[in-house]
Each structure stands twice: as structure tokens, then as C-alpha cells.
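Trainee: Generate the whole structure from the sequences, applying the supplied hints.
Number of protein chains: 4
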Amino acid sequence: MTVKTQLTGVEVAKHNSSSDCWVIVHGRAYDVTEFLPEHPGGQKIILKYAGKDATEEFDPIHPPDTLEKYLDKSKHLGPVDMTTVIKEATEDDPEELERQKRIAEMPLLEQCYNLMDFEAVAKRVMKKTAWGYYSSAADDEITMRENHSAFHRIWFRPQILVDVEKVDLGTTMLGTKVDIPFYVTATALGKLGHVEGEVVLTRAAHKHNVVQMIPTLASCAFDEIVDAAADGQVQWLQLYVNKDRDITKRIVEHAEKRGCKGLFITVDAPQLGRREKDMRSKFTDPGSNVQSGQAVETNQGAARAISSFIDPGLSWKDVPWFRSITKMPILLKGVQRVEDVIKAIEAGVQGVVLSNHGGRQLDFARSGIEILAETMPVLRQLGLENKIEIYIDGGIRRSTDIIKALCLGAKGVGIGRPFLYAMSAYGFNGVDRAMQLLKDEMEMNMRLIGAQNVDQLNPSMVDVKSLFNHGYGPADNLAVSVYDPLVTPGPRPKSKL
Amino acid sequence: MTVKTQLTGVEVAKHNSSSDCWVIVHGRAYDVTEFLPEHPGGQKIILKYAGKDATEEFDPIHPPDTLEKYLDKSKHLGPVDMTTVIKEATEDDPEELERQKRIAEMPLLEQCYNLMDFEAVAKRVMKKTAWGYYSSAADDEITMRENHSAFHRIWFRPQILVDVEKVDLGTTMLGTKVDIPFYVTATALGKLGHVEGEVVLTRAAHKHNVVQMIPTLASCAFDEIVDAAADGQVQWLQLYVNKDRDITKRIVEHAEKRGCKGLFITVDAPQLGRREKDMRSKFTDPGSNVQSGQAVETNQGAARAISSFIDPGLSWKDVPWFRSITKMPILLKGVQRVEDVIKAIEAGVQGVVLSNHGGRQLDFARSGIEILAETMPVLRQLGLENKIEIYIDGGIRRSTDIIKALCLGAKGVGIGRPFLYAMSAYGFNGVDRAMQLLKDEMEMNMRLIGAQNVDQLNPSMVDVKSLFNHGYGPADNLAVSVYDPLVTPGPRPKSKL
Amino acid sequence: MTVKTQLTGVEVAKHNSSSDCWVIVHGRAYDVTEFLPEHPGGQKIILKYAGKDATEEFDPIHPPDTLEKYLDKSKHLGPVDMTTVIKEATEDDPEELERQKRIAEMPLLEQCYNLMDFEAVAKRVMKKTAWGYYSSAADDEITMRENHSAFHRIWFRPQILVDVEKVDLGTTMLGTKVDIPFYVTATALGKLGHVEGEVVLTRAAHKHNVVQMIPTLASCAFDEIVDAAADGQVQWLQLYVNKDRDITKRIVEHAEKRGCKGLFITVDAPQLGRREKDMRSKFTDPGSNVQSGQAVETNQGAARAISSFIDPGLSWKDVPWFRSITKMPILLKGVQRVEDVIKAIEAGVQGVVLSNHGGRQLDFARSGIEILAETMPVLRQLGLENKIEIYIDGGIRRSTDIIKALCLGAKGVGIGRPFLYAMSAYGFNGVDRAMQLLKDEMEMNMRLIGAQNVDQLNPSMVDVKSLFNHGYGPADNLAVSVYDPLVTPGPRPKSKL
Amino acid sequence: MTVKTQLTGVEVAKHNSSSDCWVIVHGRAYDVTEFLPEHPGGQKIILKYAGKDATEEFDPIHPPDTLEKYLDKSKHLGPVDMTTVIKEATEDDPEELERQKRIAEMPLLEQCYNLMDFEAVAKRVMKKTAWGYYSSAADDEITMRENHSAFHRIWFRPQILVDVEKVDLGTTMLGTKVDIPFYVTATALGKLGHVEGEVVLTRAAHKHNVVQMIPTLASCAFDEIVDAAADGQVQWLQLYVNKDRDITKRIVEHAEKRGCKGLFITVDAPQLGRREKDMRSKFTDPGSNVQSGQAVETNQGAARAISSFIDPGLSWKDVPWFRSITKMPILLKGVQRVEDVIKAIEAGVQGVVLSNHGGRQLDFARSGIEILAETMPVLRQLGLENKIEIYIDGGIRRSTDIIKALCLGAKGVGIGRPFLYAMSAYGFNGVDRAMQLLKDEMEMNMRLIGAQNVDQLNPSMVDVKSLFNHGYGPADNLAVSVYDPLVTPGPRPKSKL
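Protein chains in written order, with full-length UniProt numbering: chain Z, 1 to 497; chain B, 1 to 497; chain W, 1 to 497; chain C, 1 to 497.
Read the hints as simulated data drawn from the structure, not as lab findings. We put the beta carbon where it would ideally sit given N, CA and C, even for glycine. Take the hints with a grain of salt, since some may be wrong.
[Claimed, not checked] Below, a sample of chain C positions facing chain Z; criterion: calculated Cβ distance under 8 angstroms:
no., residue
1, R28
2, L67
3, E95
4, P312
5, G313
6, K327
7, P329
8, Q336
9, Q361
10, F364
11, H470
12, S481
13, Y483
14, L486
[Unchecked claim] Some chain W residues well away from chain C (every beta-carbon gap over 10 angstroms; in silico):
no., residue
15, T8
16, N16
17, T33
18, F58
19, K87
20, Q111
21, D139
22, F309
23, D311
24, Q336
25, D363
26, L384
27, L486
Mentor: Written as C-alpha cells, this is what we have:
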């Protein structure tokens, strides 16, 4: 790249149409005119910034190396003298002013006593669109809520008079010793919640000696996240499989080279979900589109914008190929019925994550914990219970949830959103405290259930009779809100005289 | 009819009593004095317009050919000079003003992301009486709500790692290829929601290549609806059987001649239901009737006013006669238990619709989806599962609902109210978008459940264990509202000194 | 009784202490000094009126012949010149003023479309204490609400294509032909709701050709109620058995002589229930009792005040004696488990009412309809199903409730509170309309379930799988209201600087 | 102890740092500098009172002999001239002013009709921190609420026509005759609710002839509570086992010597629970700790502060030792599954309390009543049902709850919080009335279920089919509050023009 004289804001501002579109990102200008039709998130969002500085919008949803990787070097126009770029007068958005007020009053970290508390704080202090992306789920968000509710249908049968002076929470996951049986599961777009993104989670995982699973759709670049890890800190890779298998191969090989110790192939997301809360939070006046009924494809939210590369053709036939390109243990993330757990064992993978993608994909998919309770008795009957490691994720908020999963046969559990919320509200300290709270809770609850270590947790310690009962599920909020309830008679009509 | 000089408003206004009653409809006067006692909707509603222009009230609940057909030509008094008719000063009805305000602020079509959203908008912008007619159901409206709630007790068991790059939503209904397995089911009085009435649905059905079922009680004339269909567009006929079988025969033969491809005989409505919300929305001061306890028969709502011709004597014995008068496939609409499905097969009909009439007839009738789940295992056991086509309707709001029905063995589902609401709020564009949303949802959810086409949907993909559990049903709103809950002690009584 | 000169208010007012206590009732003075300790309702309530006119308080809870019967003639002091009695200045009770306002706006009768509507109106227009007595039930009022809720766990399996042009609602109860299978069950203290009391129900029962059960604790005298009946109108007697069997015998013999056609012995009330809503509604400043913890026995509400004569020693051993003193059919009212139904058959009675006394006695007693569903299969297995007539009461509000009971094997159902509420709100016209609404509902619902007459109703028409499921019961309002829910963190503490 | 001249407030106030810390309690000064690091409740709370009068804070959570027992005599600095001690100006705490207002309006005792009423009053009039300690429970407080809810899933099958003129509520517990089958179970820190503490309960237990269980963590000294008992009044001892078995031995031997008739060893609390409501109610500005994520260990609430001595190593192996040091009957308090009941029988103890510690320890532990329903059928099958006495506690609020427990096989039930609330609101009179209300309720309900005495209560009188159904549990308040429900579309965006 030859040195160029600095561009000025005035110059860039001239290129502000779909036929001639420049944008500024991190102080450098790019000509994206030809790229416009290919942008996975649609042209519209780019055109909004045509001739302007797009950095703030760009950052959370693109790893920093995106432009390097995907835009031809010839379109890199070089540095801009940012003093010449007119800052858009931020309107006094009353919503934003309210949010700033809430931030000023946000609770002290010490006022958070459990993982729900972080979510409550995050809801108050996050930007609406970021909250919309993190908190949203598929359709009526039944499955998302069921994920946690399902744990409420499992009750304990504690043992008494066990010597629990010393309690050991540690276990081993894919050969790695960890201090407590959870890992930080992969979640996308960490910079929506915190300016530093996923590396915050890396540091907290290290402090508490748990594994972090690195997401394909991270805001940070993969290497940044690996670089943020401490010596010997174990990370796994979550993988969305690209239609272009060469790209996938490169990603996997690179991850293995960088030391990743597990490959978690997402199998519950051939297409990323419609999440209406996310879509609604991003809605803005569509202008001249008003008359048309054709606008379905707009405003699909962040999820679909960033996921068009995912291959819906991925199938069992691809598993041997994965085994051929890596020595990392391979796990299928998003298995949802016992039949497929058995298939996974037959396919020779090292593990499965029973998961519904945090309720973000197929609504009315069952919770991981319910699939686990369906799966283990069958595996035991077939003598297969030790053939693979079984993990679950979704809805874990209390150490009792972790203990229930382990009683039922899980090796460990993945936790995603709670750490995102803790990070969004309080940064590293929030995630640190969240993990510590789980440890404190778990140490006590191990004592109270009468177990000295996780190996002693067993099915006799839980009562799952009600787990499969879906007679009373999460509220159908939309249906309830549109229903016009019957009323008893009002006052008599007033005389018309 | 001889040409007459135009009548004047002053002249018409003189005939304003039950013994001499003229009304104006679409600019022409009619003498309805003798017809008064025969009016299915009662005399009162006509007398309200005695000597006046009744067009606005007349239109939504009478097909345009009604007066031609049912009022003797001698009573047709000819055109009125409408400039001489005094317009009733519309009172500044505060309720109507509020509604107009809501209309001005109604959401853009693009803000609707699912079928519930259209209902929410319709509730806000429709006239109270029209909303009352569409949204009301029998007694406590338990069944109406159960229709959708039942789907919430069915959970998915998705398959993973199926190649779902290409997903085909199409199927065949009574030999007709359709793009997605739903049809527009018959609903009465379309003009209450939209000035054009049912033809709006005709056009939308054509655009999305689905079948429309034409209702007996349409606001548009039957021929209008057929005429609105495109070349090759398939329509079915929903039939309320008249006490006078000759009329029924004429209707059926005419429908067949005009190309209808299916005859759906309604069997769940020997008498049309009492719908209290509808009745209450129409209540007006009954004046001198106040003292009497005899007023039960008034204000029965639109449903009963228009349905007095229906034959409550219809029975299994009539089925052979229907088979003798038409070559159209015959289906029974409103079958509600497996015993009657078997009887229907024995009677030689081509199909059944498991339905409770949208909850508008017998409250506590079970949902179509539950009857389906009861029926199919029995049919399979008897080897009868392929003898007829089985449809369900009631409560479908999401593509997941459609998929659940197909997994359980339905050929397709009927959707009624949601399209009425979309039409009432946004006209054709609303219905168009509603259908497109269902297609978008379904394409994604087929991928997520792991099915390439509807033939791959099967019972192993759903968990119906909780479907038959009615321990927690739709809220009993009236009972809850009249109950006076116990309270803890209030403050001490004030001293009387 | 010799003629006396009229007493004056001034004279009566002197006798205003517990050692010398006169009261005026219906314009006559009585010396109740010696009677004070025996008053079943306690001394306190009488002393409140010592030296004053007690008519308004006296009337609703004492039959008019009470003083004649229970107070020695020597204590009858003769007529008072009422012009000399000082009227107590009615304080401007703000609660009463509110009530009068609600009465002025009360809905027209025609605005009531179902039985719940009458209850809603009654709640608004009745005096708080009267409403408290009628609407209250035992403990947490769980059973009272369960009585109706239980019907919501029963669903229909309607038959189609049955010729239901003619529908016959009539049946026979204890040999009496009635127009619809309900009777007016016994409820106490009718004058609390309407100045005329139970005779209003007598007249309505006659108009609709149903049986009235006369309560022991009526506000009207027994003979008044019998006298109010039309020629040939059938009445039954509800009996609380007195500790003094001679009194009981006289009552039974008198009832038989006056033509009663059934004797319903209450067996679920050896002691009348504590009803806290009733007690709370009557609470007034206990004055000097404030310090004492001994006040449990006061303010027990109307129920216990009037019921001290009931014999808690009544047992199966008494049944033969009843059979010896009357030829009326004997029925046990309040049977609550199948074992006791069988005992009743063995004891030779003609019928039972499966009932929990409207939820007013033992909280968590099961609903009549659930006991019925438990009972009939056992009786059928033992071949006893036709040995007695089985009735249920409690919670019937819709004709669908009646139909469910008949499908399950009941001969008919008793309805109590709804008619009291209709009477309290609208007098005779209210009860008339309530009964007519039930007939209208039932005629339609018989058609919709596919039955021409009540004999065709059978167990295959209902789905009771969920009836026995008590996983989700009526709300525990007190527990919910005292629970202090966990909250997420509030704002950070304000700096103390 | 030699006589010293009185200290002055000025002198004491100089010793106000962690390196030199004096405090005043009950008019005497103590040097606690060296004791600071050992204080089970942490240094911080003491330092708040360094150089000041700590009596008010000290009293409720320390028995009066604490300083005598645990602080070396050399640190007892002798009496302080309290007239010289500056009273801290109580700030006009608006929360406290509100509370005083509520106290002024608190209901009369006669307005309390049931045990829930006392809780409602206590919630209004207690100090927030005291209420927080009494009312709080583990994690989401699911188990605490389930304890009472579980009773709502048990329904009665009453017998009729049993002679219940005389009803006897009495029974025998560990050989002691009591008037009604409940005992006052052990609860900590009675002085938080009432200045006199546990002795109030002692007196009430005597008046109603029931047993009191003396808590290890009482505010009163053990001997005070025993001294408060009347002649022949029976008391039991609840025991937290100390890591130092010598201390435990001394306590047990002393209790036996003082006449205790039962030793209840707590086995469900190897570590005292985290109770977030309690922690939150005590939260105050942590000042300079704000930045740190390490603050987990602060503000753990009263429970953990006072319980660090409890031995988490207690196990079945210790049972024989207990049998060797006392002749009192030994019972295990907190048994939670049938397997451990059988172990207890094998270990030769005299009884068990099926309990989850009032929901304060392991959340999602099952209710005592459910464990009872699991246990008794197994014991009966093994012929062990008479080998030990079985008690339950948790959630008893109504006499029907007691009756249900006895029907299912319990010997009696323990009641804790309700008496604390009655005491906190109304002192002795409150507890007296609470007990009397239970007696009144139970006498009536025994009549209504058809039992003359507690021996006649049996399993056929209850329907427990739904007890094990946990499909619908106590509300998950935190999860519900953080969930952001989907909404239907809002108004269209305003034009930006």
C-alpha cells in the first residue's frame, strides 16, 4: 500500500450515494460502492453512513480485521484527517438521556447477589439495540424462558449426615481440570455489551480457572481472544460451518495451531433465527417503503445480518471430514434428542452439548436439562453412558441448576448470557463477581445436598417427576396482550334525553 | 320494473313506523313493512332506520343481492334523490374520536412481525361492534383461547445435521398443489373489517397460491368472490345447510358449476353460538323494555341474526344425499372426536376438518390439534390413516403451529381470524404480509426441525405428553373478576370519640 | 295477652342496660333481659339496641315468628307509639354514600348475560355485611372457588350430525317433572339480599317449573315460603338436625303435612364454618376488649350466631329414626366420598347430594363434580348406579356445568348463590332472567353437544382426565399478599456527604 | 473482679480504632481490640461502634451471657457513667418515620383471624432488618413458599355422620401429653422481634400446653428460657453441633440436667444458608470497597455471622456418641428423604423431623409434607412405621395443614415463623391468640372431617394424588422481573420532517 496524502472529511462526504459510496472506519476511508450488494447486513445500513464516519456502528459487529480480510486492498483509500470530519450533532435523544440517568444511579457491584441481578442492571444500562440483541430469542421466546423454568421443575432429595467439611467443586472437561463445572459458552458480538468485547471473558475465565469457548461471531478477532489468554489457559472453538469448506478448514486448523482444545460444531443453526425483539429494537422509519408489503426482508436484526455464510447443507456426512482435518476433540453443539446423541456416539465424536442455542433458534425446542433427563436413562440402558462427554447449556442461573445437571449425568454446563450481562453492566469486575457468586453458592449447596465432590452427585438426589410436565409453560405474552377479556356489565347507559 | 320519478327524502321520511316502514339502501327506497316480522335480525334494527338511509348498517351483513333475492319486486320503490335526504348529524361520539386518533397513529405495516401483531392493531382501529363480532366466542371464550394454548403444550424434538439447504413448503390439498400447507378458512361478514370484504382474501390467496374457502355468510355475493379469483385459482365452498334443501341444492350445484373444488359442510353449528362480547358490544338502551325480564332474545349479536335458516336437523342420514347432488369432494367441517372421524370414513366423505368453529360454538370443546392427537393413533391402529384427508383449524398463529399439526398427521390447517385482522387493519397489503410472514417463519422452522419437505414431518418430532393436560387452562376472567379476595387486616378502626 | 296502653320511646329508652334490657321490634317492645345470655348470636349485638328500635338489624336473620316462638309471652310488652321513638341520626357513612351511588348507576337487567354478571352487580350494590355473609366461605375459600374451577378441567367430546331440531331439557327429580335439571338449593338468610326473602325464589322456581329446597335458616318463616308456592308447585325441605330431636320431628312432620316432597338432611355441617370475610365485614371497635387476647369468640359472623342448635352428634345411627318419622324421600346433603355414598345406599336413603356446602365448611374439601367422577365408576362396577338419585351442588354457573354433571351421572344440580345474587340485585326479575339464561344456554349447548334430551348425555361426551389434577388450584391470596418478593438491586445508596 | 471507678463516655470514645477498640454494652465498657479478628460477625460491625454504646445492636443477636463467656475477664473494663455518653442524634430516617406511622395504625389484635394476618402485621411494623432476618430464605425462596403451597395440593375426603359432639385434639409427643399436635419449633434471635425474646414463647406454650423447642441460637440465654417455664412444663433442645465436641457435650448435659425432654440435632445445616433478602436488607454503603469485586464475603446477613461454629463434618458416625452422652430421646431434625429415615431407624434414634429448615438452607428441597407422603408408605411396607416418631415442620398456617400431616402419619408438627410474627406484632397476646385460633380452627375441622380424636385421622381422609406434581411452583420472581416481554407494535414513528 503506497503512502497517500490524508483525505479530508469534505472530500469523503461527496461520495454519499449508492453509486459512489465511501465510508470512514477508524480514521481511514474505504470505497464500498462495489461491495454494497454483497454486504451480509444489507446495503441500507451502509448507505446510512455514506460519506460519513461509521466507526461507532461498525465496531461491535465486525472483528477489527474484517476490512482487511474482505475488502480488496484497492478500495482502501487511506487515512482521513479526522479534524475535518463534521461530527453529527447528536440529537438530544430523550431515551438516551433516560439511560444516562439510569447509569448514574446504577447499583454498586456489591448490591448484586445472584446472576439475575446482573441481568436486571444490564437491562437498565445497556443501549436498547444491544439489549435487544442479547436478550432476544426465537418467536415467542418460550424456549428461552423454559430453559431456566425447567430447572424449577426439578427438586432435590438431599442426603444428611455426610461429612462435608471439605467440598471439592473441581472436575475435568475434555481432559482439562477446572475449578467448577461450568464453562463460558460462545456468544456473539461481545462489543455490544462492553467496548473490549470477549477478551474480558477470557480474563475472568482465567481467574476462576474455567474454560472459555471462543465464538465464531466474536466482536474481537479470534487471535485477539487467544492472545488475551494466560499461559496454559484452555480455550475451545465454537464453529459455524461456512458454505466454503476451505474457509472452515483454515479456521479449524488455525484454532488448533493456536492451542484450542476442543471443537464445538454448532448443529442447531442451519439458519439463524428470527428474533422479533431484536428486530423491533432496530426498527426505524422505512420512509418510502411504507406502501409496500414486500419489506419482510428488512430489519432482520443483527443475527441474520452476520450469518449468511452459514451452511444449511451441513449433515452427518460431514462429520468424518471434520475428524480428518483436526485432532481436537469434536463435539456437536445443539443436539436435541436422544436419537441424535446415539448417532453422535456412532459418528465417533467426543461429546455433545444438549442445547437449543439459548432459545434463539427453534421456539418450543425443549430445554437442555430435559433432553439430558431423556437421554441418560437410554444411554445407561444401552451401556453407552461413558462413551462421550455430555454438556448442556441454557438457563443456568444458580449453582443449584449446575448441581441438578450433574446429578442427571452432565459433565458440565455452559453459561452464556449471564456473563454477558455482568460484563455489560460492570466489565471484568462484574464477570469476576458473577463467577465467584456461583462458586460460593455451589460450595454451600454441595454441603447442603450432602456431596463432597461432583462425582458423588447422582440421580437419586433429584426428583424429576415433574420435569416432563409442560402443562404450565412460560407466559404467551403476545396472545395474552391481544386477548380482550370478557367483562361484567358496566354502568347503565345514560339517558339520551 | 317501471321507471319512477325519483323519490325525495321528505317523502321517505314519512314512512317511519312499524305499520308503514320504508328504508333507503344504496340510493333506492324499499317498503319493508310486511317484511319486518320476517327479518332474521329482528324488527328493531330495521325500525331504527325507518324513513331513513340504512346503507351503512346494511352493507357489511348482507350480500349486495339480498334485496333482489328476498324482497318482492313490488316493494322496490325506486331511486331516491339523495341530495334531499337529511344526513343524520353524527354526534361527536367520543369513542369514535378516540378510534380516529388511534387510526392516525397506527403502526406501519413493517412494524408487524407476526400474526398476533395484526390482531393487536385491528383491536385498536376496528369499530367496536366489528371487533366484537370477529373476536368474540362462546360463553367464557375458553375454547377460543385453548385453541392456541394447546399448541403451547406441544414441544419439538428436532433432528440435527439434515441437509436443509433446499426446503420445500408445498403440499397437495384435495388434489390442488399449494405453496404452503394452510388455506384461508371461511369466516362470515368480511365487510365488517374491510369495505371490499372477502374478495381481498381471494386476491391474497392467489398471490400466495393457497386455497380460499368461500363462506356461506360472506358479505360479498358468492359470485363476486368467484369472479375475483384468478384463472385456475382454486376455491372451496363452506356450507351451512338450509332447512329448505332445495336452496341448499341450488347453492351446491351453482358452486360446482362455478368451479369450486371442495364442499365443506359445517357440522358443529346446528345453532349459532351466543357470544357475549358481541352482544355486549351491541347493547344500547332498550328504553321501555327496562322493566321486563323477557328481553333475553334481544341483542343476540350478529351471529344469530343471520343464521336462522340453518337446519338443526342435519344428520348422518343426509350425507348420501349430498353425495348424490355433487361430484365435489365432500368434507365435514367441525368433527370433534375420533368416533365421528371413523363414522365419516364409513360415510364415504373425502375428508374432515377437526375444528370447534374458532371457539364460537360450544365452550370447552377441545382444540382441533388435541382431537388430531387423539385421532391419528386410533386411525393408524385401524389402518385407516390414509382413507381421508384430515385438516384442523383454530388457533394457528405461528408456523410452528402448522408444523406441529403436520407432524401429528394433518394434511393442512385452516386460518381464519388472523387474515381478517390483517385485512381489517391494512387491507390487501396486510393479508399479503401475514401470509409472507408465515412462509418466512415456516421455511426457517422447517430447517431448524430438520425437514426438507412436509412429508418428512412425523410424530417423533413432537412431544405431546402434556397436550392432554388441562390442569391449567385459559383464565376464567369473569369468575376471577367477581371474586372478592380475602385480605389481611386493615388499620385499626378510628376512635369514635 | 291483655290490651295495654301504648308505650312511648322515652319509656323504652330507660331500659338500656344488661340488667334491664328492652328492645323494639316491628313497633312492639320486648323485655329481653333474661334472654340475653341465651341469645345464640351473643349479648353484645342485642345490647347495641338496648332501649332502641332493633327492627332493621333483627329482620334479615330472624324469621318473623321468632319472638312468638322463643320469647315467653310475659316478656311481650306490647305496642310502642313509634312517633315517640327517636330515630338515630344515620351518620353520613361515606361507604353507604358510595354504595348508593353505585346503585344509581347499576346496570340494566338486560346488560346481564350470564350468572357471573349478577354476582358482579350484587357485589357492587349489596350492603357490605350482607355481601360478606353470602359470598364468604371457609378459611382461604379454596374450596368455594374450586367448586367452579373444577368444571374448567372437564372438556367436551361433542357428537356431530345428530338431529337436534327438538331439544328437551326436562327431567324427573324424586318423581317430580321439571323443565330443566336444576333446583334452587337451600341458602340461609334471604332477607339480607332482598326485603321479601326466600318467597322471591319460590315464585321464580314456579315460573320456570323447577323445585325449590326450603332452608332451615330462612329469613321467611317456613309456612310463608310454602304459602308462596303455587298450586302443585313442588318444594323440598333442607334440614339442620336439632339437638332436641322433638323439635326436629315437629319440623319434619309439619313439612310433610304442608306437602314437601323431599327431606334433605345436611350432613356436612356438624358445626357451622368460620368464614373470615364474614367476620371481617362485621368487625367493629371492640372497645375495652382491646387488651385481651380472649376475644376469639366474638364476631364469628352471622353463620355461627344462628346455628348453635345444630347437633354435632348426628350419625348414621339416626338414619333409621328419620325413616320412621316421615314418608318423604330422605336424601343426605353433603356426602363427600364414594365410601359414604355406598353407606348411604346401604342405609336405604333415596338419594345424596355430593356437596361441600358451597365451600363454607371444610376448606380443601373436593368439589361435588369431582366426587361424582370418583363415585359413578365405582357404583357402576358394583351395579349400584341406579339405586339412588345423585345430585351435586357447588360452583354451577353455566349450562355447560349442568351438562357436564349429567354426562357424569348426576340426576340434577343445585344452584344457590347465583340466584341469591340475582335476587339481591334485581329481585324477582333478576332470578327470572337468571333462570331463563340457563335455559337458553342449555338448549343451545344440548344441540352443540349433539343430545336431544338429557338421557342421551353420557360419559363418552366428556374428557375428565384433568379433573383430578390439583396441581394448580385457586390462588392462595393471603399467602401471596404477605409474601415479600425478592427484588433486583435498587439504585446505589446516596453518598452521605 | 475488683471495683473500678466509673469510666466516662469521653474516655471510652478515645478508643475508636481497629488498633484500640472499646465498646459499651449495657452500661459497661469492654476492650475488644484483640477479639476483633475472631468476631464471627466480622470486624466491621464492631468498628461501627468503636468508642460508642453498642447495646441496641448487640442485644438481639447475643445471649446476655455472651461477653461473660467469650471475652476474657481482663477485657471487662467496668461500668461507664452513662450520663456522660453522648447519644447519637438519631437521624430523621424517613423509613423509620413511616414505620412508626404504621405502628400507630396497626390493627387491633381482634382483627387478626388467622396466622397469615400476624405475618401481614409483622411485615408492616417490624424493623426492616429484623423482618429481613425472619422472613428470608435460601436463593429464590422457592422451598420456603413450597412448604405452604404443598398443603394446597392435598385435598380432603371427609367422613360424614360421625358423632363429633366431643372432639379431642390432644396427643402425646415423646411421652408428653399436649393439648394440640403442634410444638413451638426452634427459631433464632427472638429479640429481633420482641425485646423479651424467646421467653414470650415459653409462656404461651405453657398456657396452651404445648412443647417449646429451645434454639441453640436464641437471643435469651438457655437458662433464662428454662427458668421461664412453669412447673412441669416440657421443653426440648435444638442443637447445632459445635466443631468442639466438648462444648456440645456440656450443652447437652446441661440441658438434660435442667430437664429438657428431647434432643433435636439439626442435620440440614452443615453451613447456614445464604439469604439474599436478609443480605439486601443489611446493605449499606461499603465506601472504599466500591471498586473491588472481592466483596462477596461481606453482608452475609445475620445467619452466617452467628453460625461459624457449626460443624460441617457431622456425620452418621457421630450418632452413637450422642446416644452415649445423654438419656434424652434423640431426634434428627432436617431429614429429607425416605432412605435417611430408614437409616435413622437403623441408627437407633427416637424420631425424625422431616424438614428443610423453613426453606432457609437448600432451595428446591422438598416440603416436609411431601417427604412424609413419600416416607410412610415405604415404612408401612417395611413394617417400620411405629419404630420412631415422625414430625414435620415448614409452612403450617392452618389447622387443616396439621390435620393433613396427621392423616399422612405425622405425630405432630412444628410451627416457627408464625409465632415469631405474632410475637413481633403483639407480644404474648399475639402468640396466645395465634395458638387459640389454631385450636378453634382445629376443633371445627376435626368435626368437619369426621374425626373424634387424632387417632382417627388416616390416609383415606386425604387425596395426595397431586402432591408430587411440581409442574406449577412458587413464582420465580427474579426471573419474571428481569424478563422483558414481547410487545405488539407501538405507534408509527413520527415523521422527522
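Trainee: Checking hints one by one. Is F364 (chain C) an interface residue toward chain Z, by the C-beta closer than 8 angstroms rule?
Mentor: Interface hint status for F364 (chain C): holds (5 angstroms vs cutoff 8 angstroms).
Trainee: Taking the shortest Cβ-to-Cβ distance between D139 (chain W) and chain C, state whether it exceeds 10 angstroms.
Mentor: violated, 6 angstroms
Trainee: Can we confirm that no CB of chain C comes within 10 angstroms of the CB of Q336 (chain W)?
Mentor: violated, 5 angstroms
Trainee: Just want to verify: L486 (chain W) was marked as not at the interface with chain C; is every Cβ pair farther apart than 10 angstroms?
Mentor: violated, 5 angstroms
Trainee: Given L486 (chain C) was flagged as interface, is its beta-carbon under 8 angstroms from a beta-carbon of chain Z?
Mentor: The hint holds - L486 (chain C) has a Cβ within 8 angstroms of chain Z, the shortest such distance being about 5 angstroms.
Trainee: Take a quick look at D363 (chain W) and tell me if its Cβ sits farther than 10 angstroms from every Cβ on chain C, holds or violated.
Mentor: violated, 6 angstroms
Trainee: A cut-off of 10 angstroms on Cβ-Cβ distance, and N16 (chain W) was said to be off the interface with chain C. Does that hold?
Mentor: holds, 25 angstroms
Trainee: Do the numbers back the hint for Q361 (chain C), that is, is its least Cβ distance to chain Z under 8 angstroms?
Mentor: holds, 5 angstroms
Trainee: Less than 8 angstroms between beta-carbons is the criterion; does Q336 (chain C) satisfy it with respect to chain Z?
Mentor: Interface hint status for Q336 (chain C): holds (5 angstroms vs cutoff 8 angstroms).
Trainee: Measuring Cβ to Cβ, find out whether F58 (chain W) lies farther than 10 angstroms from everything in chain C.
Mentor: holds, 25 angstroms
Trainee: Report holds if the minimum CB distance from L384 (chain W) to chain C is greater than 10 angstroms, and violated otherwise.
Mentor: holds, 18 angstroms
Trainee: Taking the shortest Cβ-to-Cβ distance between Q111 (chain W) and chain C, state whether it exceeds 10 angstroms.
Mentor: Holds: least Cβ distance 30 angstroms, greater than 10 angstroms.
The structure is inconsistent with the numbered hints 1, 2, 3, 6, 7, 21, 23, 24, 25 and 27, although it conforms to all the rest.
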